[in-house]
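Trainee: Here's the letter readout for the chains.
2 protein chains.
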Amino acid sequence: MGSLALDTIETQSSRREEVLGGAACYASYAASFFAPVRLVGVVGQDFPAEHEQLLRRREIDLAGLERVPGRTFRWAGRYAADFNQRTTLDTQLNVFETFRPKIPQAYADSEMVFLANIDPVLQLEVLNQVRQPRFVACDTMNFWIGGKRPDLQRVLKRVNMVLLNDEEARQLSGRDNLPAAARIIHEMGPAVVVIKRGDAGALLFSQGEVFAAPAFPLEHVVDPTGAGDSFAGGCMGWLARTGDLSTDGIRNAMVFGTVLASFAVQDFSLDRFRTLDAEAIRSRCADFAKLVRYTPAAY
Amino acid sequence: MGSLALDTIETQSSRREEVLGGAACYASYAASFFAPVRLVGVVGQDFPAEHEQLLRRREIDLAGLERVPGRTFRWAGRYAADFNQRTTLDTQLNVFETFRPKIPQAYADSEMVFLANIDPVLQLEVLNQVRQPRFVACDTMNFWIGGKRPDLQRVLKRVNMVLLNDEEARQLSGRDNLPAAARIIHEMGPAVVVIKRGDAGALLFSQGEVFAAPAFPLEHVVDPTGAGDSFAGGCMGWLARTGDLSTDGIRNAMVFGTVLASFAVQDFSLDRFRTLDAEAIRSRCADFAKLVRYTPAAY
Numbered sequence: 001m002g003s004l005a006l007d008t009i010e011t012q013s014s015r016r017e018e019v020l021g022g023a024a025c026y027a028s029y030a031a032s033f034f035a036p037v038r039l040v041g042v043v044g045q046d047f048p049a050e051h052e053q054l055l056r057r058r059e060i061d062l063a064g065l066e067r068v069p070g071r072t073f074r075w076a077g078r079y080a081a082d083f084n085q086r087t088t089l090d091t092q093l094n095v096f097e098t099f100r101p102k103i104p105q106a107y108a109d110s111e112m113v114f115l116a117n118i119d120p121v122l123q124l125e126v127l128n129q130v131r132q133p134r135f136v137a138c139d140t141m142n143f144w145i146g147g148k149r150p151d152l153q154r155v156l157k158r159v160n161m162v163l164l165n166d167e168e169a170r171q172l173s174g175r176d177n178l179p180a181a182a183r184i185i186h187e188m189g190p191a192v193v194v195i196k197r198g199d200a201g202a203l204l205f206s207q208g209e210v211f212a213a214p215a216f217p218l219e220h221v222v223d224p225t226g227a228g229d230s231f232a233g234g235c236m237g238w239l240a241r242t243g244d245l246s247t248d249g250i251r252n253a254m255v256f257g258t259v260l261a262s263f264a265v266q267d268f269s270l271d272r273f274r275t276l277d278a279e280a281i282r283s284r285c286a287d288f289a290k291l292v293r294y295t296p297a298a299y
Numbered sequence: 001m002g003s004l005a006l007d008t009i010e011t012q013s014s015r016r017e018e019v020l021g022g023a024a025c026y027a028s029y030a031a032s033f034f035a036p037v038r039l040v041g042v043v044g045q046d047f048p049a050e051h052e053q054l055l056r057r058r059e060i061d062l063a064g065l066e067r068v069p070g071r072t073f074r075w076a077g078r079y080a081a082d083f084n085q086r087t088t089l090d091t092q093l094n095v096f097e098t099f100r101p102k103i104p105q106a107y108a109d110s111e112m113v114f115l116a117n118i119d120p121v122l123q124l125e126v127l128n129q130v131r132q133p134r135f136v137a138c139d140t141m142n143f144w145i146g147g148k149r150p151d152l153q154r155v156l157k158r159v160n161m162v163l164l165n166d167e168e169a170r171q172l173s174g175r176d177n178l179p180a181a182a183r184i185i186h187e188m189g190p191a192v193v194v195i196k197r198g199d200a201g202a203l204l205f206s207q208g209e210v211f212a213a214p215a216f217p218l219e220h221v222v223d224p225t226g227a228g229d230s231f232a233g234g235c236m237g238w239l240a241r242t243g244d245l246s247t248d249g250i251r252n253a254m255v256f257g258t259v260l261a262s263f264a265v266q267d268f269s270l271d272r273f274r275t276l277d278a279e280a281i282r283s284r285c286a287d288f289a290k291l292v293r294y295t296p297a298a299y
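From first to last, the protein sequence lines stand for chains V and Y.
Sequential numbering from 1 applies to the first sequence in my numbering.
Sequential numbering from 1 applies to the second sequence in my numbering.
Among the hints, erroneous ones may be present.
A pair holds if it fits inside one copy or across any two, identical chains being indistinguishable in the list.
[Unchecked claim] Straight-line distance between alpha carbons at most 20 Å, and here's what the computed EDC-like set of lysine to aspartate or glutamate pairs gives:
| no. | residue 1 | residue 2 |
| --- | --- | --- |
| 1 | K102 | D119 |
| 2 | K290 | D248 |
| 3 | K290 | D244 |
FYI, nobody ran anything at the bench for these hints, they're computed from the structure.
With the hints as extra help, turn the sequences into a complete structure.
Mentor: Laid out in structure tokens, this is it:
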């Protein structure tokens, strides 16, 4: 559950107007390489039919995609040369502003739930509509941490995993140190805390263990939009596929998340995903294993 | 070869005045856990005898430590709450200003040479005094990249490995993207390029391979001064101990560098090193192995 958007993206070398974006699109598409997906979101009447077809061609169930009168959510942003900073140029919530997620009857037995970044009040409404999920993960953002903390804390009490970036982790916990921040966030509810650090990778805190997953180094990054959502989608998709919620299972899920994120940034929008296949994913997983290969030496 | 300093350090919670510091101290002490060390540097007549004794108690040869009239190099700095930014409050080069490194006859056959951050002209003078080193590594800083690029490039042509932080790598290469920066720096000479990213770990680029070594996550960081030099020292010490200059050997060296850096930041100055023993290093290496443990799953 999350946003579907039409994004206008400016990088130092290029620009794309009103391309398919939104957390729910990136996460669903990434997850669809591993497991069937049920999407919940809203678009306006201007949402191009080709985008819907793109999602439908994967095993992405769109029964939960509402199409309502009005315009689709739009976001515009510009990236600095090193891609680690971005400026929001424009946000038009449009139909997203009055969105109240409705879980179709056929989705109510969903075992794995990912609540992408959205008003925590709506994240709670989704949780109230799913019967007995086995594993719930959520994302959030600075806006809700600052403006709707009590609601967000109600969400955190009910999720198994939270994924957030380093700045959000610091804001939420009031701690600068990331392991300390993770500990504070654990105490708010989630047994699994994943802190995303962009091109510095992600840290998993779970059952007293830490796992450091570096980002996959790429010489040519085209557009980092959706990297975090693709990471979350790849991660949740793998967990759904295997059902293995052990720490080692989640480590593997994070690596698949890392790999999907690395593909997402290699082109604008979901364009790299369109031609992505299992063979390319397998090959990059093998490269990831080389990236972290370490055989301890005796000392 | 590098600086010995008296550092005055301010963190958010504490302050230390004129404690032992300097790249040569951190690097030598870290390396001394793995191999005998020969130090080259300069101090003034005010350099406390206890500091010299501290180094002498390890297998650190001080034949190359000059003591000259005048005051020892002093540096003062303040760290921001997250330790990733620091402000230099004061720099007094003192005897370091007119330092011309002289390699004692007994050092001339040294096989492994680490040139810590210092004027590249002096790094070249050192290289001209060692007979046939097997492996030379150097560090540098923004000041020399900007102000003495031709000299620095002469150094780079003669070293096997360069260690520098991400901002320095960007400045030196003119590229924002780190894998691209590493490629450009390779072309300047060093077969091995190590880019240090503070608490985001380090990247090794060597023989077409990349190795990502995360920093060791610590909930309590006291003072990050010397982390990079301890990393370099641990790395070089391990290479000297094993003589294994293969990519896997360098991966292991980087992990020992990471481990030594993680100890360095747990107290001010070299204080954590004073009580450090092989058992604690072994134990943290085992924890590091857990931090990166990843058993690829079939997909």
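Trainee: Next step is simple, just say for each hint if it's right about the structure.
Mentor: Status of each hint after checking the structure:
In this assembly of identical chains, the alpha carbons of K102 and D119 lie at most 20 Å apart only when taken from the same copy (15 Å versus 66 Å across copies). In this homomeric assembly, K290 and D248 come within 20 Å of each other (Cα to Cα) both inside a single copy, at 18 Å, and across copies, at 11 Å. Taking CA atoms no more than 20 Å apart as the test, K290 paired with D244 passes between copies only; the shortest distance there is 19 Å, against 24 Å inside one copy.
Hint compliance for this structure: every hint is met.
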